[in-house]
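A.B. asks: Protein sequence lines correspond, in order, to chains A and B.
Taking numbering that gives the first Met the number 0, I'd label the letters of the first sequence as residues 0 to 308.
Taking numbering that gives the first Met the number 0, I'd label the letters of the second sequence as residues 0 to 274.
A few of these clues could be false.
[Stated by the list, open to error] Calculated pairs, EDC-like style, for lysine to aspartate or glutamate (alpha carbon to alpha carbon, straight line, at most 20 angstroms): (1) LYS118(A) <-> ASP198(A); (2) LYS19(A) <-> ASP98(B); (3) LYS266(B) <-> ASP168(A); (4) LYS201(A) <-> GLU216(A); (5) LYS8(B) <-> GLU208(A).
Honestly, the hints are just simulated from the structure, not real lab data.
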Amino acid sequence: MTTRQLVLPARRPSRTPRGKRALRRNLIGWSFLAPAIALIGVFTITPFGQAILLSFQSWDGVSPDTPWVGFDNYAFVASDPIFWASMRNVVFFGVVGFIVGNGVALGMALAVNSVTRGKTFFRTVFYLPGVLSVVVVGLLFSFILAPGSGVLNRLLGLVGLDGQNWLGDPAVALPVVAAVFVWFHWGFGFLLFLAGLQDVPKELYEAAELDGANRWERFRYITWPQLAPVTSIVSLLTLLAALQIFGTVQVLTNGGPGNHTMVPTLAIYNEAFVNWRYGSAAAMSVIFGGALVLLSVLQLAITRRRSRV
Amino acid sequence: MSGKTSIHKLGLYGLLGVAALIALFPLLWMLSGSLQSLTELLANDSFLPADPQWHNYVTAWVQGDLGVYLRNSVLYTGSAVVGILLVSSLAGYALARLDFAGKGVFTFIILAVMIIPAPAMFLAQYKLLISLNLTNNPVGYVLILITSGIPMSTLIMRSFFVGQPAALEEAATLDGAGPLRVFWSVILPLARPGLAAVAVIQGLGAWNEYLMALVLFDDNSLMPVQRGLTAFSSAETPQQQILLAATTISIVPVVIFYLMAQRHIVKGIGAGAIK
Chain A
0 MTTRQLVLPA RRPSRTPRGK RALRRNLIGW SFLAPAIALI GVFTITPFGQ AILLSFQSWD
60 GVSPDTPWVG FDNYAFVASD PIFWASMRNV VFFGVVGFIV GNGVALGMAL AVNSVTRGKT
120 FFRTVFYLPG VLSVVVVGLL FSFILAPGSG VLNRLLGLVG LDGQNWLGDP AVALPVVAAV
180 FVWFHWGFGF LLFLAGLQDV PKELYEAAEL DGANRWERFR YITWPQLAPV TSIVSLLTLL
240 AALQIFGTVQ VLTNGGPGNH TMVPTLAIYN EAFVNWRYGS AAAMSVIFGG ALVLLSVLQL
300 AITRRRSRV
Chain B
0 MSGKTSIHKL GLYGLLGVAA LIALFPLLWM LSGSLQSLTE LLANDSFLPA DPQWHNYVTA
60 WVQGDLGVYL RNSVLYTGSA VVGILLVSSL AGYALARLDF AGKGVFTFII LAVMIIPAPA
120 MFLAQYKLLI SLNLTNNPVG YVLILITSGI PMSTLIMRSF FVGQPAALEE AATLDGAGPL
180 RVFWSVILPL ARPGLAAVAV IQGLGAWNEY LMALVLFDDN SLMPVQRGLT AFSSAETPQQ
240 QILLAATTIS IVPVVIFYLM AQRHIVKGIG AGAIK
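The task is simple: from the sequences and hints, build the whole structure.
C.D. replies: Okay, structure coming up:
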């Protein structure tokens with residue numbers, strides 16, 4: 000019988016009689032991991048390092064020469080108003096996605112969970128927008144929100160309200176694009192919340208009802224704490240999806256009017272593939288990607304500490 | 000008491016009905032608009048097509064080259080899903096059932112890689128694929144799709160393998176089967192629910208991928224459908240109703256797939272995200 004080994008690889012004695020069996024076991028284990036390691040190594044870790052390297056170089060996207068320019072790209076990005084406008088806008092998307100998106104998702108999950116009929120129907124319908132592609136959503140809403148022939152203005156007209164140039168007016172374009180994001184994405188959080196609600200033990204509610212707890216108290220003291228792990232993972236995933244928004248915006252407004260709906264991923268894309276400045280695009284992606292990584296690590300640390308208490 | 004409950008219920012169904020309408024209305028309008036004539040659509044005074052223009056779909060299919068794009072998407076998505084299932088079930092099995100040194104290191108790498116967002120990498124991935132001569136090339140695109148699906152899928156598969164009984168594995172080993180044989184003939188068939196969940200989630204993701212497709216393909220005959228749709232809408236400026244017919248055609252496969260496979264979605268994202 001083999002005993003379970005908890006020794007670190009470096010300290011493992013490799014040539015002892017038992018070492019041979021351990022070596023074989025390690026070889027088998029790592030050969031199962033080999034395809035994953037090869038792909039992640041080549042297509043994720045290498046480009047990740049390359050991105051950082053590229054941010055200190057100048058590259059036109061074609062030539063093999065990438066001269067070293069130090070912090071020039073970062074200085075350029077630091078004074079680029081479009082990039083910083085995009086960062087401000089994406090914080091807005093993040094906040095709206097986080098508060099409105101998660102609020103709608105949780106509210107609808109609670110509602111669907113408490114009805115007896117039509118559960119499957121509502122679950123199917125609410126997640127349906129989420130399977131569409133960013134391109135379809137962008138094209139579809141660019142028609143729906145169009146000032147002249149758009150169906151939204153017509154619907155508003157039917158109830159006696161004035162139409163708007165939803166995507167062309169700098170004052171409303173950003174909230175409107177955020178609303179499209181919420182329409183597209185809240186189904187994901189809804190599904191996870193609903194699954195979480197179905198895992199809450201029924202006995203808890205029965206006991207609380209015997210104790211005379213009202214609807215709000217049952218939510219506050221049973222549902223909410225039981226949903227905590229789902230809430231934190233849904234929050235993180237919604238936030239990351241909102242912050243990385245790209246295709247919807249590119250197709251819907253292409254960042255306009257002006258740069259009022261510009262987002263970082265689109266700014267990076269434009270800097271590289273429209274302005275042909277790959278070096279400063281790489282600097283942008285390092286700054287923005289670094290911020291996202293920090294956010295994820297922070298969120299995971301908070302979640303872990305909370306679940307330990 | 001019962002009066003109050005039924006009012007509450009009525010309100011609840013009212014709320015759900017409104018939400019369902021908001022979720023469905025844009026799609027229903029897309030369907031309706033795709034069957035109208037341009038004059039009718041621009042006049043914007045009917046919600047239903049007065050005289051359904053079915054030929055809009057033929058025009059969209061032909062003008063938009065949708066046959067080519069859909070075939071490409073099926074091909075790319077299919078290969079990506081098969082690749083992801085193979086690679087991540089191998090890795091997930093090792094993490095769940097095999098005992099070897101350095102397992103923790105790999106788990107850490109997977110978690111770290113999951114945190115790296117696409118905007119931090121897509122430029123450098125593009126540069127890498129240029130140097131490998133893999134732009135405008137299905138192989139490069141599919142490899143990127145597979146790689147980005149591995150971390151989450153590995154964790155999902157791991158959580159399915161952890162719950163499997165060890166008895167069968169031991170019996171097969173005593174019968175003289177090697178580790179790969181045990182994995183392929185004993186473990187994998189039992190993991191079917193996990194494989195289905197991974198296939199559904201990664202299939203939807205690969206089908207709808209856009210950023211890398213945008214960066215990698217400028218040859219129309221190789222584009223997947225999302226990329227093809229933007230090429231169609233921007234380069235040839237088709238009429239609105241034709242574009243609506245094209246978007247409707249493009250979502251048919253994914254909506255049918257979703258309706259058939261939806262129960263696996265909940266299981267999969269639940270297992271991947273929370274456990």
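A.B. asks: Which hints from the list above does the structure break, by number from lowest to highest?
C.D. replies: Violated hint (a single one): 3; every other hint is consistent with the structure.
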